[in-house]
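The hints should help you fit chain B onto chain A, whose structure is shown.
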Amino acid sequence: MPKDGGIGASTKRREDARFLTGIGNYTDDINLRGQAYVHFLRSDVAHGRINGIDTSAAEAMPGVVRIFTGKDFETAGSIPCGWQVTDRFGNPMKEPRHPVLAEGKVRHVGDPICAIVAETREQARDAAEAIELDIEELPAVIDMKAALADGSTKVHDDLDDNLCFDWGFVEENKEAVDEAIRNAAHVTTVELINNRLVPNAMEPRVAVGDYNRGTGEHTLYTTSQNPHVIRLLMGAFVLGIPEHKLRVVAPDVGGGFGSKIYHYAEEAFCTYAARELNRPVKWTCTRSEAFLSDAQARDHVTKIELALDADNNFTAVRTMTYANMGAYLSTFAPSIPTWLHGTLMAGNYKTPLVYVNVKAVFTNTVPVDAYRGAGRPEATYQLERVIDKAARELGVDPIALRRQNFITEFPYATPVAVEYDSGDFHRLMDKLEARADFAGFAARRAESEKNGKLRGLGINCFIEACGIAPSNLVGQLGARAGLYESATVRVNATGGITVMTGSHSHGQGHETVFPQVVADMLGIDASMVEIEHGDTANTPMGMGTYGSRSIAVGGSAMVRATEKIIAKTKKIASHLLEASEADIELKDGQFTVAGTDKSVAWGDVTLAAYVPHNYPLEDLEPGLEETAFYDPNNFTYPAGAYACEVEVDPETGKVTIARFTTADDFGNVVNPMIVDGQVHGGLTQGIGQALLENCTYDENGQLLSASYMDYAMPRADDVPFFSIDHSNGTPCTHNPLGVKGCGEAGAIGSTPTVVNAVVDALQSGGIKVDHVDMPVSPSRVWQAIRSAG
Amino acid sequence: MPQVSMTVNGKTATGEIEGRTLLVEFIRETLNLTGTHVGCDTSQCGACVVHVNGKAVKSCTMFAAEADGADILTIEGVAAPDGTLDTVQQAFHEHHGLQCGFCTPGMVMSAKALLAENPTPTETEIRDYLEGNICRCTGYHNIVKAIMAASGQDVSKIAAE
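Chain order of the listed sequences is A and B.
Per the numbering used here, the first sequence starts with residue 1, numbered consecutively.
Per the numbering used here, the second sequence starts with residue 1, numbered consecutively.
Chain A extracted, bound-state conformation:
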């Protein structure tokens, strides 16, 4: 087996060649002959009744082709929600209509009202300014608790109130949890906020719709993490186009982090308009527009209680969260604070009783949905903050308290439905201790203090559920889609291989990593394997890339398809070698009769499949192409232990990350270099949330953080080099590669690490603060110091 280029090799990326030289093919680089441009006129009030739209002056302006409003989409389907959550009383969630263009009301700043199509982008924008809107402003519903109060203005008039659902899990255990808390030797409580974020992939969204009147085929080019999902949702539920007449292409995509999973109104608009106008229609989102139209993230207000017995064992966790849905339900939104959050509330610990309550609330804000970690950062943050606080209250070492409560036997059935397949949390903590140099912390703290700074050490663990997901399980939980993945392995006559996958890389390096898997199995060079992804015309139906699923689920589909290839090539080889199939071995690209030197090369076998002259045609079809759809048996459960040292300047409140050390368990790893990059990126996003980023609305629903001037993205000087480790993971027991996935872990584990470190720093200076909400900005730290007296 060629060691270079197989599983475990840090193969350099093929994608780099085009990205480093400026010849990538991002959606905004696509320009179709005759294309028109659309600009969306969006609401500048958070809540209002549309009494009139006068487009007459705009229609007369130069270059204007046509102006569309909500009336043009009245008969179109609602932009669908892909997950129906059932509340704690057994009733389905509220599911208000989500129109392509506003109907009757606008419900958030940024809600699209008109679509102006013109010959140039500038002409479309100029015409937008000439549209007269008569919108009667209504009170904006912004605060979640106020939204649920009696008499609150309703975001959706056809609903009883602003409650989307009141979810409890596991409802049958609620009383036992309440009792455990009443009887506990010690209860620690934390009230905290998981701050709203804007995903802000560097590439803004783009959609180009095209239509061929001759064939009746629609094409949509879009910045999507999952073109097949868009094709299904948009085709079946919004526009009524069957899949065989609808092609969706996601070319190079410049980051997603979840924000490019969803089917958005602009996609439906461009697809529809291209047919209506019989010419391509292109939309390019500006960054300011992205802040008002990309799904936003997190936005939970939580109270968590941890009960312990007299020996410091965790006996129960009870948590109550208000989760913001925004004005409309985005594609996965209801599942994020429920099934991707509540099921992680046992964490790495043996806590026997857990109850999670979530009230999902409509507000006049941009819709909220999954963003790197999707529910698991929210779970980890609250759990690891309350454990940290408990350790301080009890005067117990934070590591010792965790170790005492670690799950140590696997598989482990948690009280929140999920069963962890494998793990070794003590070993992760051992690795962290070995690498984070805790022994040297005292000296480093002394040095910081000499320089007038406080220094703190934060530690936490995490476990998460990803590699989503078993279809029938999620179906029972309300998912309206399957969550399998697919691969077609097409071996060509001269031996090269094209692998068509339903996954879609948007930075993760699939074109490099997937060939490593296939090449490793066949014993050929990875350069002989080419990946096709992103175009529904030439890939099997797949659910796409998110939820750290592409290697665990996409890779497994590829393994299964390649196994079928191996089985068939062995049959062909056995015919060519006149031996029994059972005696054929495939190694290093050669088929050999076991125990002999009779062999035939890979290329001879593949040629025989397509030129079947010496070939068992009575028993075997020619050709060499196999497809597999892989539906996982379980989630995968990466886990980790993180340590962070911060310096806090008590004069200015500024927090600096001085060190960040991780010990992660991703199971088996295919390309360590790629995994490193995923962790670095995830950690930086977590640090961004913890210290810098905050998507804020004022009481009128105006977005205050609507550009990079006001929304503090982490920059190169906000983070240090990271010290990370993911060696010797415990393999996943239920997929063929033993992989767990790694894309989100950094963003999941890191927010409590930072906040725990800040609290440690402040307390080391005698400042009696036991919590600071994220983002832990300089002004918040400064305020906390002064308020503590």
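Simulated from the structure, these hints should not be mistaken for lab results.
There's no promise every hint is true.
[As the list claims (entries may be wrong)] Using C-beta positions, here's what the derived DEER-type ranges look like: (1) A/E59 x B/T14: 28 to 38 Å; (2) B/S43 x A/N31: 20 to 30 Å; (3) A/M709 x B/E16: 28 to 38 Å; (4) A/M709 x B/S156: 34 to 44 Å; (5) B/T87 x A/E581: 32 to 42 Å.
[To be verified] Covered stretches of chain B, going by a simulated chain A footprint (3 or more residues, C-beta under 8 Å): (6) 53 to 64; (7) 92 to 99; (8) 128 to 136; (9) 142 to 150.
[Unchecked claim] Interface residues of chain B toward chain A, partial, derived using beta-carbon atoms under 7 Å: (10) T34; (11) C40; (12) A79; (13) F102; (14) T104.
By construction, the Cβ of each residue, glycine as well, lies at the ideal position given by its N, Cα and C atoms.
Chain B only, in chain A's frame:
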């Protein structure tokens, strides 16, 4: 409509523009050089960085008209004519300094400008210099490492992991 003429990657480039046409729009849409990217509209993100008369400039913050007569280098002009990557590009490749690639052209152009004025920058100097280039994917770790490597410094001690 006014005409504008400049040298781009060594070749004369001419086109009709409006007064309000940004340099990045001229490069992407008139010249079809789509390697330079637009990532924001407030001049923070740096995806649009090109070199104008030898200086790194955010091409979203300059009108095409202002670049009349200028000598422009975009990402497409960095590698050798036979495709050989230059030192910075090669270092980014070696050290996995890119993931989705969208910020990468701007990063490379900024890195080249940095090394031209500061041939062996420290980690702090690099991080400070890159304040105007936002990356959402990499966490900057491998970008900083790549630039240090491109400058000839030994990066073997920097935790890869």
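Ascending list of hint numbers which this structure does not respect: Result: hints 5 and 6 break, sorted rising.
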